[in-house]
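Participant: Each chain, letter by letter, is given below.
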Amino acid sequence: MQSALSLRLAHRIGPLPLKLAGAAALAVLLAMPALHLWTDPASSLHVSAYTLTLVGKILCYAIVALAMDLVWGYTGLLSLGHGLFFALGGYGMGMYLMRAIGHDGNYQSDLPDFMVFLDWKTLPWFWQGSEHLAWALCLAVGVPGLLALVFGWLAFRSRIKGVYFSIMTQALTYAAMLLFFRNETGFGGNNGFTDFKRILGYGIAEPATRATLFLLTVLLLVAALAAGFWLVNSKFGRILTAIRDAESRLMFCGYNPLYYKLFIWVASAMLCGLAGALYVPQVGIINPGEMSPANSIEIAIWVAVGGRGSLIGPVLGAGFINAAKSWFTVAFPEYWLFFLGALFIATTLFLPRGLLGLLRRHKENA
Amino acid sequence: MQLFKPLLLLLLLYSGLVAASPLAELAHADPADRAGLITQWTVQADGPRRQAVAALEEGRLFSSTDGNHVLLQGVDGKLSDVDNGQPVAGDAASLDTLPVNNSVRSALEAFHAASDLADPERSKRLSAIQALQDSANPGLLPLLLSRQQQEQDSQVKQALLVASSRLQLASPDAAQRLQAIHTLADSADPATQTLLAPLADSASESDARVRAAATQAVADIKASQWRYNMLGYAFSGISLGSVLLLAALGLAITYGLLGVINMAHGEMLMIGAYASYVVQNLFRSWWPGAFDAYLLAALPVAFAVTFVIGMALERLIIRHLYGRPLETLLATWGISLMLIQAVRMLFGAQNVEVANPSWLSGGWVITPALTLPYNRLAIIAFVAGVLLLTWLALNKTRLGLFVRAVTQNRRMADSVGVPTGKVDMLAFGLGSGIAGLGGVALSQIGNVGPELGQGYIVDSFMVVVLGGVGQLAGTVTGAMGLGIVNKILEPSLGAVLGKILILGFIILFIQKRPQGLFALKGRVLD
Numbered sequence: 001m002q003s004a005l006s007l008r009l010a011h012r013i014g015p016l017p018l019k020l021a022g023a024a025a026l027a028v029l030l031a032m033p034a035l036h037l038w039t040d041p042a043s044s045l046h047v048s049a050y051t052l053t054l055v056g057k058i059l060c061y062a063i064v065a066l067a068m069d070l071v072w073g074y075t076g077l078l079s080l081g082h083g084l085f086f087a088l089g090g091y092g093m094g095m096y097l098m099r100a101i102g103h104d105g106n107y108q109s110d111l112p113d114f115m116v117f118l119d120w121k122t123l124p125w126f127w128q129g130s131e132h133l134a135w136a137l138c139l140a141v142g143v144p145g146l147l148a149l150v151f152g153w154l155a156f157r158s159r160i161k162g163v164y165f166s167i168m169t170q171a172l173t174y175a176a177m178l179l180f181f182r183n184e185t186g187f188g189g190n191n192g193f194t195d196f197k198r199i200l201g202y203g204i205a206e207p208a209t210r211a212t213l214f215l216l217t218v219l220l221l222v223a224a225l226a227a228g229f230w231l232v233n234s235k236f237g238r239i240l241t242a243i244r245d246a247e248s249r250l251m252f253c254g255y256n257p258l259y260y261k262l263f264i265w266v267a268s269a270m271l272c273g274l275a276g277a278l279y280v281p282q283v284g285i286i287n288p289g290e291m292s293p294a295n296s297i298e299i300a301i302w303v304a305v306g307g308r309g310s311l312i313g314p315v316l317g318a319g320f321i322n323a324a325k326s327w328f329t330v331a332f333p334e335y336w337l338f339f340l341g342a343l344f345i346a347t348t349l350f351l352p353r354g355l356l357g358l359l360r361r362h363k364e365n366a
Numbered sequence: 001m002q003l004f005k006p007l008l009l010l011l012l013l014y015s016g017l018v019a020a021s022p023l024a025e026l027a028h029a030d031p032a033d034r035a036g037l038i039t040q041w042t043v044q045a046d047g048p049r050r051q052a053v054a055a056l057e058e059g060r061l062f063s064s065t066d067g068n069h070v071l072l073q074g075v076d077g078k079l080s081d082v083d084n085g086q087p088v089a090g091d092a093a094s095l096d097t098l099p100v101n102n103s104v105r106s107a108l109e110a111f112h113a114a115s116d117l118a119d120p121e122r123s124k125r126l127s128a129i130q131a132l133q134d135s136a137n138p139g140l141l142p143l144l145l146s147r148q149q150q151e152q153d154s155q156v157k158q159a160l161l162v163a164s165s166r167l168q169l170a171s172p173d174a175a176q177r178l179q180a181i182h183t184l185a186d187s188a189d190p191a192t193q194t195l196l197a198p199l200a201d202s203a204s205e206s207d208a209r210v211r212a213a214a215t216q217a218v219a220d221i222k223a224s225q226w227r228y229n230m231l232g233y234a235f236s237g238i239s240l241g242s243v244l245l246l247a248a249l250g251l252a253i254t255y256g257l258l259g260v261i262n263m264a265h266g267e268m269l270m271i272g273a274y275a276s277y278v279v280q281n282l283f284r285s286w287w288p289g290a291f292d293a294y295l296l297a298a299l300p301v302a303f304a305v306t307f308v309i310g311m312a313l314e315r316l317i318i319r320h321l322y323g324r325p326l327e328t329l330l331a332t333w334g335i336s337l338m339l340i341q342a343v344r345m346l347f348g349a350q351n352v353e354v355a356n357p358s359w360l361s362g363g364w365v366i367t368p369a370l371t372l373p374y375n376r377l378a379i380i381a382f383v384a385g386v387l388l389l390t391w392l393a394l395n396k397t398r399l400g401l402f403v404r405a406v407t408q409n410r411r412m413a414d415s416v417g418v419p420t421g422k423v424d425m426l427a428f429g430l431g432s433g434i435a436g437l438g439g440v441a442l443s444q445i446g447n448v449g450p451e452l453g454q455g456y457i458v459d460s461f462m463v464v465v466l467g468g469v470g471q472l473a474g475t476v477t478g479a480m481g482l483g484i485v486n487k488i489l490e491p492s493l494g495a496v497l498g499k500i501l502i503l504g505f506i507i508l509f510i511q512k513r514p515q516g517l518f519a520l521k522g523r524v525l526d
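Heads up: the sequence lines are chains C and E, in that order.
Residues in the first sequence are numbered consecutively from 1, following our numbering.
Residues in the second sequence are numbered consecutively from 1, following our numbering.
Keep in mind the hints are simulated off the structure, nothing from the lab.
Predicted model, so just to flag it, every value in this text is computed and none were measured.
Backbone N, C-alpha and C fix where the C-beta goes; we use that ideal spot for every residue, glycine too.
Zero decoy hints are in this set.
If you anchor each label on the Cβ, the simulated ranges turn out as follows:
hint : chain 1 : residue 1 : chain 2 : residue 2 : range
1    : E       : Ser415    : C       : Arg157    : 31 to 41 Å
2    : C       : Pro352    : E       : Ala381    : 45 to 55 Å
3    : C       : Pro333    : E       : Ala312    : 19 to 29 Å
Negatives, chain E to chain C, calculated, CB over 10 Å:
hint : residue
4    : Ser63
5    : Gly85
6    : Ser103
7    : Leu143
8    : Gln193
9    : Ala200
10   : Tyr228
11   : Leu372
12   : Leu401
Turn these sequences into a full structure, and let the hints steer you where they fit.
Facilitator: Here is the structure:
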């Protein structure tokens, strides 16, 4: 019964007012970098570097939420490890950014500062080639993809699902966090990567670089939304929802869910990796804290608040919660966790379809 | 000859005086020989010798201004000549005391230790033996051997045996060395390994039989050390396993019953630990005389608090999410966030200090290589007790019967009149209460802070995954197995890599047994 509703939801996302709102939001997002670059800082139209970075960050989260919706909202696999894929993508990009610092670090060495600090003489093997952006991007997408492939294959093959699957993914990200906290792992330990200087030769803090990264994020989000809609409305997408709602029946019909699950799981992880790769140059830091289980669960609540199985809802949810977070943590830092906790409870109790479901119900009642 | 006569006379006179007064002997001994003299006396200490040594040690011996006489300062502060006891005028403050150098100092230590050997207090005898065996003075051997005959306490006797054997190692007699090696090989003291090493070496030991025995003994000690290390790891593994068990027991019950993961379960541990903190503070301010008993009082408090919180959670939130386990997981995570923040605001973000009662400090020394701390032993015993009570509750009570029935087939149980809602609520309370008791145990071995429970949820769920639900034996096996493997991997791989390896193992394990080690057989398919 869930599937029918949410499928209809996905189809009905098309009505005119929503389309108009979406177009308006896209226009605003596309205008933001231009307003940042070409308006006078004193004018009221100017978009500050802070705002641009904040919105860019939230857009990256929105991409992650979208990827999460593909596996949770449509396929019914609640991942508590998407923060890991996101962080791995960020680390891939971070490796390139660390190498791009060149001799401008504190120690004026070929090696990144933290390696000099650890008294390492040569680059570890997995850092080879990271001075090329293209290879770093391959890592940022490939490593989460590969990890998801191996883990997913093992998990789906033995038909682990439900809370078992969730907790296994949480254990995965927890273990990875512990691993990345160690200095010997070779990723800067506790401090992670920071103090980036440039990307492809352009200064990382220059307005033009910021604007470009922002635009790329918007484009990735739009492309991911488009691809997502196409995917979930295809026959493939229908099988995914069937897996979510009645996996046993689907198997009795002769489908093997393994490869469907594996495909969407790996694709989602790679999308997260890409989002992480765009996130790091914008915020300028990546550390193992991104892999903490709490971060990954927060992704789930973005999706739940926005509305599962609607693709657009999670994007809105990520935007809403992160905007609330950046306001709350400044205004009432002590109450943010209460708010977030209450949001978790209230959403699951009273808003099973999220904000988008609320809109829809309102419309149906009217 | 004429010339020598006065000299001879002097010598005779001198030796006569020496025989009369140990004080004079010590005072006139060459500074370089003084340590040797004291060492010699160690074996034949008597009253005057003790007094002489004490005078030297207390700095009451001075050399006179001309350097020919040694003056003793009496208890009254007056000076007298040590040779004839005649009072001498003068001020002690202007004179130099006889020097006490390092070799004299260590000889003095051994001298006192020798007299302590017969001390009625057992701990004093033991430390005296320790001091003597460190002094490595072969002259002490007869003393140690004779004490060995008189000693009643078996542990002290063993220590004497080890100490005398260590001295015998330096004996010129190969048979004695051999005997000593055999004695030491049995003692399993890690320190003897370095003592025996030179005797196994052909450069420093000529006798082939001694060498062979020493080599064998070193190997034996290494092997026994390895055994004790393994025992030590197994013990800390069992103690970690019992903590995990307390955390996982409630989780396994509620997961088996409702099929939901309570992410706030770790916070029940945390609340239990804070309950013991509060009880401790109450005892400290109102009833300091019975402070050692606070822990016993904390147990029912922690259980009651977490029992009530657990039931409230079930009634207010989890009940409304039945059939939606993933949402339950998220909602309980929200609860855990709020509980953590609430505790942080009430008690501060820093760790609070929970003291061990005096009967839990210290440890049980099994051998020098293996000490079992009392707090860990107490936790293991406590967990065994909780386990027994839980088993009784699940298998011998009506509620337990209902819990098992609902776990196996909820709808069928419902149909035959089991009040499933009430059972859920009580079982949830029980699971939370057990976690609360676990929190009291945790407060005795680790830091108590708002994030205490966060680290346990993943581990305790791994226990449930490994052990399967519905049977206590599965949870026990899972917890102990994880605890022991964790502790055995830790020294060689480090804690982090060990954890990752275990996670990898569990992922591979559920390939073979998705239902855990002890699965209930069923024919249900959704």
